[in-house]
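Engineer: Assemble the whole structure, with the sequences as input and the hints as a guide.
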Amino acid sequence: MELLQAKDATLIQKYTQGDERALEVLINRYNTRLSSFIYSKVFDKEITEDIFQDTFVKVIRTLKRGKYNEEGKFLPWVIRIAHNLIIDHFRKSNRMPRYEMGEEYSLFSIMQDGSLNAEHQLIQDQITEDLASLIRQLPEDQQKVLQMRMYQEMSFKEIAERTGVSINTALGRMRYALINLRRLIEEHSIVLTN
Amino acid sequence: MEQLYTKTSPQCKLVTASEETVRFLLDYSKSLSIVEADGMTIENNLN
Numbered sequence: 377m378e379l380l381q382a383k384d385a386t387l388i389q390k391y392t393q394g395d396e397r398a399l400e401v402l403i404n405r406y407n408t409r410l411s412s413f414i415y416s417k418v419f420d421k422e423i424t425e426d427i428f429q430d431t432f433v434k435v436i437r438t439l440k441r442g443k444y445n446e447e448g449k450f451l452p453w454v455i456r457i458a459h460n461l462i463i464d465h466f467r468k469s470n471r472m473p474r475y476e477m478g479e480e481y482s483l484f485s486i487m488q489d490g491s492l493n494a495e496h497q498l499i500q501d502q503i504t505e506d507l508a509s510l511i512r513q514l515p516e517d518q519q520k521v522l523q524m525r526m527y528q529e530m531s532f533k534e535i536a537e538r539t540g541v542s543i544n545t546a547l548g549r550m551r552y553a554l555i556n557l558r559r560l561i562e563e564h565s566i567v568l569t570n
Numbered sequence: 002m003e004q005l006y007t008k009t010s011p012q013c014k015l016v017t018a019s020e021e022t023v024r025f026l027l028d029y030s031k032s033l034s035i036v037e038a039d040g041m042t043i044e045n046n047l048n
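Protein chains in written order, with my numbering: chain A, 377 to 570; chain B, 2 to 48.
Hints are computed from structural coordinates only; laboratory data are not their basis. Values in this document were obtained by computation on a predicted structure and should not be read as measured data. None of the hints are false.
If you only want the chain A side, here are some residues facing chain B, beta carbon under 8 Å, derived: (1) Leu399; (2) Thr408; (3) Tyr415.
Built from N, CA and C at the ideal position, the CB exists for glycine as well.
Structural biologist: Following this line, the structure appears as structure tokens:
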């Protein structure tokens with residue numbers, strides 16, 4: 377029970393100290409997220425199982441060697457390993473990812489991602505324009521944090537280093553940026569969905 | 002005036018690795034022993 381609520385970093389520490397139950401908690405915690413991520417790329421349940429297994433074999437070997445130093449970012453690290461294995465899989469099978477029609481996936485929904493139809497493109501452009509104009513109304517420090525986080529996908533640690541402030545300040549700026557954005561959206565009665 | 006946009010729901014499928022796969026990983030972990038000595042890493046798999 378205690379392990380189930382433990383943070384990833386604690387579980388990793390316990391596992392490297394020999395507590396095998398900690399690994400079970402980690403695997404179960406991220407099973408669905410990791411499997412769904414892999415499946416979204418390979419669209420095959422068996423290959424998903426194989427890549428999931430290979431991913432955690434690498435995780436186990438790295439942790440047992442004491443080579444893990446991701447400072448608490450366990451899931452992004454695991455996703456990166458899985459991503460590399462997915463690329464290896466496509467290289468070995470010498471083919472591009474395939475898309476199948478089914479209840480969950482429609483070929484048209486995937487095609488739509490790459491090239492939006494005229495109506496959706498117009499809506500998408502409008503949303504982008506509206507959002508950009510809203511962001512421009514924010515104080516400059518909040519604009520910076522928002523752009524680095526949302527568009528450049530930087531971590532708060534990286535944002536803090538880049539802007540020369542503490543992580544807490546960067547988090548605070550992000551929080552206020554989102555609060556202000558919500559306020560502006562309400563004031564302008566804008567619905568930002570496509 | 003409120004701006005309205007059409008809404009399309011994202012399509013994705015939740016998948017979970019089987020119990021057998023999880024069990025294999027846990028057994029693999031228990032059987033794996035890694036020892037470092039004199040700059041060498043030795044992996045033992047005790048089945």
